[in-house]
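Number of protein chains: 2
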Amino acid sequence: MTRLVLKFGGTSVADTDHIENAAAKVAAEVERGHQVAVVISAMGGVTNDLIEYCRKVSPLHDAREYDAVVASGENVTSGLLALALQKRGISARSWQGWQVPIVCTDMHGKARILSIDTTEMDGRLEEGEVAVLAGFQGITSRNRITTLGRGGSDTTAVALAAALSAERCDIYTDVEGVYTADPRIVPQARKLGKVSYEEMLELASLGAKVLQTRSVEMAMKKNVPVQVLSSFDSPIGSDLPGTLVTREEDIVEQEIVNGITYTKDEAKITLIGVPDIPGVAAKIFGPLAEASVNVDMIVQSRSQDKKSVNMTFTVVNSDLQRAVEALKKCDELKKTEIRPDEDVVKVSVVGIGMRSHAGVAQTMFQTLADKGINIQVISTSEIKVSVLVAAEYTELAVRSLHTAYGLESE
Amino acid sequence: MTRLVLKFGGTSVADTDHIENAAAKVAAEVERGHQVAVVISAMGGVTNDLIEYCRKVSPLHDAREYDAVVASGENVTSGLLALALQKRGISARSWQGWQVPIVCTDMHGKARILSIDTTEMDGRLEEGEVAVLAGFQGITSRNRITTLGRGGSDTTAVALAAALSAERCDIYTDVEGVYTADPRIVPQARKLGKVSYEEMLELASLGAKVLQTRSVEMAMKKNVPVQVLSSFDSPIGSDLPGTLVTREEDIVEQEIVNGITYTKDEAKITLIGVPDIPGVAAKIFGPLAEASVNVDMIVQSRSQDKKSVNMTFTVVNSDLQRAVEALKKCDELKKTEIRPDEDVVKVSVVGIGMRSHAGVAQTMFQTLADKGINIQVISTSEIKVSVLVAAEYTELAVRSLHTAYGLESE
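Note that the protein sequences, when read in sequence, are chains U and W.
For reference, each letter of the first sequence is one residue, going 102 to 511 in this note's numbering.
For reference, each letter of the second sequence is one residue, going 102 to 511 in this note's numbering.
Hints in this document: simulated from the structure, not taken from any laboratory.
Treat the hints loosely; a few may be bogus.
Pairs involving identical chains hold if they fit within one copy or between any two copies, as the list cannot separate such chains.
[Unchecked claim] Keeping only pairs whose Cα atoms sit at most 25 angstroms apart, straight-line, the calculated PhoX-like set for lysine-lysine is:
{"hint": "1", "residue 1": "Lys436", "residue 2": "Lys211"}
{"hint": "2", "residue 1": "Lys384", "residue 2": "Lys435"}
{"hint": "3", "residue 1": "Lys188", "residue 2": "Lys384"}
{"hint": "4", "residue 1": "Lys157", "residue 2": "Lys188"}
{"hint": "5", "residue 1": "Lys126", "residue 2": "Lys157"}
{"hint": "6", "residue 1": "Lys323", "residue 2": "Lys384"}
{"hint": "7", "residue 1": "Lys188", "residue 2": "Lys211"}
{"hint": "8", "residue 1": "Lys435", "residue 2": "Lys292"}
{"hint": "9", "residue 1": "Lys430", "residue 2": "Lys365"}
{"hint": "10", "residue 1": "Lys322", "residue 2": "Lys436"}
{"hint": "11", "residue 1": "Lys365", "residue 2": "Lys211"}
{"hint": "12", "residue 1": "Lys323", "residue 2": "Lys472"}
With the sequences and hints as input, model every part of the structure.
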């Protein structure tokens, strides 16, 4: 008896027709003899409407009340999917976070799951009842409702799969899986059959909006295989129609490079003429940390006059204004020119096989150079190389790299 | 320190502007030094949308899942009102049924409240925090969500007022109070200052859609004074701008007649030629009871041939078809003509002073006779007289009676 957790996102339950479609997917797994728990998001757009209500009523809102309001969309869809399953003759019931309960930290709006008590659900799954859990929500130890942040239903699904010792967590979404590149930019992009947790983390945090980063971290930590697949096109019957995110050791043929990603969510700040004195970096980055600005890529270079240095780093776009203001208050930067630049893109090459292969970065630099694309900043990790380039080169860079690493063909 | 429960219906919280308006009403009571608990409905129309979703997904739905879905609208408005109060600097928090908890019977869709644990809420009210409770919902002893039926928020409000030993329960709605007649039919109708529970029960169940009948029953049983008032027009500051529903003994000047009501929710069935044998009434009404048809007014008369009787009675409109089918199956009625008629209206005269005054019914019959309105069936209770007349006379009957009992002037 295999136990599965299926998760349906907002576009997969956008209206009652879509909910019927989701019920058909669940029914197919039940008919194969599996025990099935489902995690469900609110109807597409509903959570945004609820957030907008909160903003209208009170821009500076109490996060506990905000959570009570925005968590309600999942209560609707969980009940409706249970009804749709019952209509098909399948025993099913809905669960809200407090009914399980799913106990979370009291960081309202971005809580973390502390525990899931599956005692009752376990027994009901054994009896063949499908559990339909409202995603995204939980309760604090003080019985207040809390939410996990945008995309939190992915995290609920993976956490539930771990708590239920499920064999796999299937994330139904509006794409067919994880691709070697964004298919809107690279039409020849190929769906990956398998990808490791580590790669998926890089792909997720680098802009592939397929899975919430935290859910991948949790899947890796708890060792839950996660399949990303389409609610709409996946042929029922084929064994693993989507992309399986799993342990590195479970992937037999490891590609050197598995994907090219890009994110426009970065902005660059260049400081021209930073005094070349010991400890100046701490004086700069201290205030940024205090202003809750996360700094990503950093590069330092000697300026032409040799008496000072230039420094370039990136921050997320939404932090740019705050970062610039914090820097302007720095005594050490009084004579320094601060140049913000939002017209940049971070392009990354990701692949677990890089660990054992040299020359991956070199291929990247050469490819971009051949196309006349200037690299502004570079950063690397064990399994990825990222470069910052002018935003206008986004498509050219991604397509050239996709070809350079031979990702089109199997 | 006076403790009040305020209830806002769906039209009073239809959007965020209306919610701000409700917050202003609550704030006014807080500023007067009162401890305030609020009970709130879903935004106007939302519950209907949720019911429609359930119908679409599964016409024959599991009432437990239906309840989980339709109860969610109140979670949104309770959180939003708490936010709107906080913005005004008023300490407030939302409560959902399970958080109190409000424990109900497991008759899903029409549950009754068994207990309200106010231990925590009591303490918070003492500290000056406003409680905003989601109306209409509760939980069963098995932790499933349940609802109290349409208009159930009124019942939640009265039950909470009783549990909190509140001085009064104010029901904010879209009318200014209880009127001597429907103002759409009788423009001279007068708002009543006070009305007894018993009269309100008759008025409520006879078609004045101001308060849910069950909430009035509960108010009477628990002795909770209930004020019906407008969310929109009530002048803040005036002491009791609406209609107070209270104990008979608290009403000094009792009017003989307090209101003229009508309901078109009745249908008449006439049986021509019922065999005049002992026990035939039981043979007729037994099958109706088995078919869950409630019979209201009954009149029996000898037919012209003197060998059989004719029988006329009323049922609620929605039961008419079922009633006729049940009657057709009766062996005793094989030769009886069954005449259903939906074009009828029940007009009633209600007043607690009737108990000690004769001639009230006579005035009614004479007034209708003077206008040439034929009375088809009559029924009476201690404090009301009802007649069934052809629906086309609705306005004429109500207006004539309103004048006949001198209800226009104080």
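Evaluated hints:
1. Lys436 / Lys211: Result: close neither inside a copy nor across copies, 40 angstroms intra and 73 angstroms inter.
2. Lys384 / Lys435: Cα proximity of lysine 384 and lysine 435: one copy only (12 angstroms, versus 101 angstroms across).
3. Lys188 / Lys384: For lysine 188 and lysine 384, the Cα distance exceeds 25 angstroms both inside one copy (65 angstroms) and across copies (38 angstroms).
4. Lys157 / Lys188: Between. Shortest inter-copy distance 11 angstroms satisfies the 25 angstroms Cα cut-off; intra-copy 39 angstroms does not.
5. Lys126 / Lys157: Classified as between: cross-chain Cα gap 19 angstroms, same-chain 38 angstroms, threshold 25 angstroms.
6. Lys323 / Lys384: neither (40 angstroms within a copy, 69 angstroms between copies)
7. Lys188 / Lys211: Close across copies (22 angstroms), not inside one copy (35 angstroms); limit 25 angstroms.
8. Lys435 / Lys292: neither (51 angstroms within a copy, 73 angstroms between copies)
9. Lys430 / Lys365: Intra 27 angstroms, inter 75 angstroms, cutoff 25 angstroms: neither.
10. Lys322 / Lys436: neither (47 angstroms within a copy, 80 angstroms between copies)
11. Lys365 / Lys211: within (23 angstroms within a copy, 53 angstroms between copies)
12. Lys323 / Lys472: neither (43 angstroms within a copy, 83 angstroms between copies)
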